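If you're matching them up, the sequences are chains G and B in order.
In terms of my numbering, the first sequence has 211 at position 211, counting the first letter as 1, and numbering is strictly consecutive.
For my numbering, count along the second sequence from 1 and bump the result up by 804.
In case anyone wonders, no lab produced these hints; they're calculated from the structure.
As the structure is a prediction and not an experimental result, all values here were calculated from the model.
Just so you know, not all the hints are guaranteed correct.
List of simulated lysine-lysine pairs, BS3-like, C-alpha gap at most 30 Å [stated by the list, open to error]: (1) B:Lys1076 to G:Lys40; (2) G:Lys487 to B:Lys1076; (3) B:Lys1025 to G:Lys408; (4) B:Lys912 to G:Lys684; (5) B:Lys933 to G:Lys499.
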Amino acid sequence: MRVSLNWLKDYVDFNMSVEELVERLNLSGTAVESVRYLGKGLENIVVGQIRKIEPHPNADKLVVCQVDAGVEEDITIVCGAKNMKKGDKVPVALVDTVLPNGIKIKKAKLRGVESWGMMCSEIELNLGEDTSGLMILDSNLKVGEKLGKALNLEDVVLELEITPNRPDCMGMIGVAREVAAITGGELKKPAIEIEEANELANDFAGVEIMDADLCPRYVARIIKDVKIGPSPQWFQKRLKAVGLRPINNIVDITNYVMWETSQPLHAFDYEKLKDGKIIVRRAGNDETILTLDDMERQLNDSMLVIADSSGPVALAGVMGGASSEVSESTTTILLESAHFKPTNIMRTSRGLGLISESSLRFERGTDPNGVVFAANRAAQLMAEFADGKVLKGLIDVYPKIINPRTMKLRVNRVNKILGTDLPAGEVDKILESLEIEASKAEQDNQLNVLIPTFRPDLEREIDLVEEIGRIYGYNRIQSTLPESSGKQGGLSLSQKIEKRIKNSLISSGFWETINYSFVTPNFYDKIRLNKEHPLATYISLKNPLSEDQSVLRTTLIPGLLDVVKRNVNRNIYNVQVFEMGRVFRPVSEKELPDELLMVGGAATGSWSEGQWFGKEQPIDFFSIKGAIESLLDSLGIEDWFLQRALHPTFHPGKCAELFINSDVAGILGEVHPKVNTAYEFPNKVVVFEFFVDVLVSHTKSITRFSEIPRYPGISLDVSLIVDEKVSNEQIIKVVRTTGGKLLKEVRLFDLYTGKNIPTGKKSLAYSLTYRAADRTLTDEEVMRVQERVIAGLEKNLGAEIRVS
Amino acid sequence: MSVLNELEKIKEEGQNEISDASSLEGLESARVSFLGKKGKVTTILKSLGDLSSEERPAIGKKANEVRQFMENIINKRKKELENEVLKRKLEEEVIDITLPGKRSPAGKRHLITQIIDEITDVFIGLGYKVAEGPEVETEYYNFDALNTPVDHPARSLMDTLYTQKDGVLLRTHTSPVQVRVMKETLPPVYIIAPGKAYRKDVPDPSHSPMFHQVEGLAVDKNITFGDLKGTLEAFAKQIFGADREVRLRPHFFPFTEPSVEVDVSCIMCNGKGCRVCGGVGWLEILGAGMVDPNVLNEVGYDPEEVSGFAFGMGVERIAMLKYGVNDIRLFYENDLRFLEQF
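Chain G with its partners taken away, still in its complex shape (with noise of 0.2 Å):
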């Protein structure tokens, strides 16, 4: 909404700067999205008087005129312009000037003929839309005098945010309302005075409503003998200032009123009305009609028209009818004041595309009781502007009255909400500065409330709480923090543990990172799950963005290569990140999916560019199973182990599903050679995907202490030769059972193939410690059982044992 403040002043008197008004406004719920100030640019341009007209001697298209702007002699302008003739006044830019669209005028030569200027178009001034030609002014205007003054061109717009629930306020009355509230001016409304002819407006014209929940007033006046023409300057120019086009004095004031009362008017032709007659029905399914803006518009059963005899003549408080326009000819005004159903004109608004000033404030909703003031002021203005005979008498068609709704307001309650302490008397003083009456009701600090049907919104006694706090102003409101009723803060102890997670991948190396929960519908294919496959079984959205993102994940994992993808696009190869996130996994019985929050990673490259005091290491299997290790470690989970899986999106012999306790907890390894190759990856990518609620129920939240050794150990070494076939497990199993219970530590510290070692074998070292609780070890002792670990070795793995 946009409003002048020029116009303004009409309905309100404020004494105050335009920042400072601006603010209030903002502050009381008004919000002011720009400021302009019209014009602007202007302070240069003075009004000149065309001498003189000649022939340019060298071009047709060009003439050259001597102007007198008001400087010592007159100055000669070389123009293209044609609607201009001697003695003509017009606007003049002199040497210099910059005009609002930022162009500089300078002393030109055009043609062989120095021009000292610039006459000027109203577009060129940012005036108005005419490119005609010049912008030809009142001959009384004073020659040399600044165009801003002359024209009182100096006006500020202010364009209004009005929120939804405010339809009062997208009409000047209603905005000058608000600032007479925050402000204490007083509110000012026109006055109405009509002369009305003798002739009854029922004789000349009926009204019907046949679809009065649709429509449930109907207001008309006629006016006679109008005399079409422009409205005057003053008018027209603020509504250009509102950003409204003059048309004609009728059409100009039913938009000026429309702007004022914020109710929408409508002017038919009354010649073209066929018998008369207005009726307010339903469309049929096969009309149709052609709108102002020449479309033909198809028709239907939900959709409102007023009709004649003959048929629709407009598209009910959405756009007129081209067949009943108002023209140059037009004789007879029937006017129309109406009020409509909000969601209904919406809806056909909506429906045919066909959003107007009209549509947009009834789809809000208007004043039922504010459409016969509205009638009036426009007819009052015809009379004035037209010469129009208005006709005796309203014909008001309201077959169900629309009363303004009573209430009750509690003071106390408004304080207990606000957190203020207001008497009723203050209570009682904002309601009427919003024209809100208020009288004492028989009960104590109560308040008997009439809301005016121009506030739709105020229904409840929450909503005239809400008036009373803006108004009194929230920045007037006691800050305070609510009293502590036993609360306690805190996140519960899965967050606290879903915090631990991101902890420790992010000491290992890993980088957090955010992928969109929807992906494109054929990530499946991408790591290789066939359709059968259980995360290959979705929700879909109705209405995706792009075919890319219209189904959700069902496992981080395509997310998570993606973001290895787009990296690697961008020539880093090293990328290691991971993910926390819900993934939907639908359950047919159920109306809401399964959401389950998985934490995943993905890593490339190795964890550093080589450096100077160390080769890089590369990013294999092991350094993902390092990094869950250490988490698992982390979160005091001992009873896990990992056992060989296949899985489509894995390299057969590099994947493991990770279990705690029975738990399957999820999947790790190398992505297969094939997804590999469809993504290309310059280098192998090791991904893990876990379910967080399993690595949460198995966290031990509380680990007991145990004594720190208070003897030494004894470390031995044993190296072996075995069969390539034979896993780290078997042997640590090994190890561990013949060890007994001195045993404490088993590390693997070298593990070799190739050159010395016969085809088919390997070769392992393991350091072993063993300690007592109680008392040092002799050497003898853990020799003794270091030998019976070297036979276990021998016996049950064919193991060769090398000399230590």
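Chain B: place on chain G using the hints.
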């Protein structure tokens, strides 16, 4: 020459040799030649038994004095030489301290997580718990229970992402968590609910179809608008700095009444007006209000008994304001060069 004179001479000789010793080895051979088994002083001391009882006390005393003296200066010289050796060694061990350090790899939390954690910490300090709710929601929790009219434009297919199942959508805000929590627990309720929300916005520098919000809700016996104001001021000062000012502008939301939009004084210009705040000196950071009685009724609370406030803020917006990030899409590209910055 008397033995005493001889001792005097040995002392002098020794003193010279010891102080001349330029290495620990030289010093040791000097020590041996005077105090060793066959050293000059030792020899005299050994011969004391051969002396007459008249001579013995004076010479013995003198010989011991000389030995003591020499031991002292040897030790002193030894320390000096050791220090020199150490000094030389330390000089040899000087390193180029400008070589890069040996870092262990470590990542970081995503900036969005950092902001959420920061906000969460503030509210935990104020006595709040952290609540969670589904991201795929029903229309009931996302709109109906939050007093959103049936024909509200936010419900349209233009604005909200729906699943193929009727009435099931991607939540457009974290507010449905409010409803779920209130339906499950009795007042008092003090929660925040950080999480993802979704809208049908085509990605551009300031829009993303997925984003994060932090919802807050306090419902108790005597919650006032003043409490809302005080809580948001405490929040803003902790997140944006202690000298931030806060202003509340009336606004309209279906699920709160009164409703406000909340601005903080611009973090760049302190309210003077700059490019970041568009010259107005204020930055809008969140929407808030007193929980609408219709919402309280819907969850089975009695609006005459309890009142509450709620607020919701966009995490990306706060991150962008605070860190000067100029394109919301960067948060989801996960370019390591972006992630490494925060």
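Results of checking the hints against the structure:
The straight-line distance between the Cα atoms of lysine 1076 of chain B and lysine 40 of chain G is roughly 24 Å, inside the 30 Å bound, and the hint therefore holds. For a cut-off of 30 Å, the pair hint linking lysine 487 of chain G to lysine 1076 of chain B is broken: about 39 Å separates their Cα positions. Restraint check for lysine 1025 of chain B and lysine 408 of chain G: satisfied, since their Cα atoms lie roughly 22 Å apart, inside the 30 Å limit. Restraint check: the Cα-Cα separation between lysine 912 of chain B and lysine 684 of chain G comes to about 23 Å, which is no more than 30 Å; the hinted pair holds.
The hinted pair formed by lysine 933 of chain B and lysine 499 of chain G meets the criterion: a straight-line CA distance of about 15 Å does not exceed 30 Å.
In summary, the one numbered hint that this structure violates is 2.
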